[in-house]
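This is what each chain is made of:
There are 2 protein chains.
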Amino acid sequence: MPRFLDIHTGMHDVTPAQLAETHAKDLALQAKYGVRYIKYFYDASTGKIFCLSEAPSKEAALAVHREAHGLIPDDIFEVQEFE
Amino acid sequence: MPRFLDIHTGMHDVTPAQLAETHAKDLALQAKYGVRYIKYFYDASTGKIFCLSEAPSKEAALAVHREAHGLIPDDIFEVQEFE
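Residue numbers (our numbering), protein chains in the order written: chain A, 23 to 105; chain B, 23 to 105.
Excised from the complex, chain A in its bound form:
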């Protein structure tokens, strides 16, 4: 399944509790679109959030964010992951 990394900007002053609550909304909805949100990264000092997901398409990944909480990322990239 394709993997995606999205980037939200301007996310200043978000607490870990708010992040967790928002992320929980993605998790509650993701199966509807065949998506799995894997993890996310937050840089409080620049207000950036990066979300890593597996999804059948970019549109499916975005649909989860849109319907779950309406916070659409500024960018989304289809990535290959390497260790």
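To be clear, the hints were calculated from the coordinates, so they are not data collected in a lab. In this text, all values refer to a predicted model and were calculated from it rather than measured experimentally. Mixed in with the good hints there might be a few duds.
Same chains, same label: a pair holds when it works inside one copy or across any pair of copies.
To be verified - Distance condition first, Cα-Cα at most 30 Å in a straight line; then the derived DSBU-like pairs of lysine-lysine:
id : residue 1 : residue 2
1  : Lys47     : Lys61
2  : Lys54     : Lys80
3  : Lys47     : Lys80
4  : Lys70     : Lys80
Starting from the structure of chain A, add chain B where the hints point.
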């Protein structure tokens, strides 16, 4: 230990073998700076590479890239990681 996500842009037409070779240079050098490169993500269609690392500082993470192969990212973010 702080965790960092960096972004390299303009990395078009890079083969998986070239990525692996370049990454191996980071791995060979990272202990010198107390850094651990964890994984990386490549989007061939936009030429973006994202590298996730643990490092004592942003400068240490960048020092590994600089000395290992000279490919310095365009951005680097100190991130908290959540599942």
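To see whether the hints hold, each was checked on the structure:
With identical chains, the CA atoms of Lys47 and Lys61 are at most 30 Å apart both within one copy (14 Å) and between copies (27 Å). For a Cα distance limit of 30 Å, the shortest separation of Lys54 from Lys80 inside one copy, 15 Å, qualifies, whereas the shortest one across copies, 39 Å, does not. In this assembly of identical chains, the alpha carbons of Lys47 and Lys80 lie at most 30 Å apart only when taken from the same copy (18 Å versus 32 Å across copies). Taking identical chains as interchangeable, the C-alpha atoms of Lys70 and Lys80 lie at most 30 Å apart whether they share a chain (19 Å) or sit on different chains (16 Å).
Of the numbered hints listed earlier, not one is contradicted by the structure.
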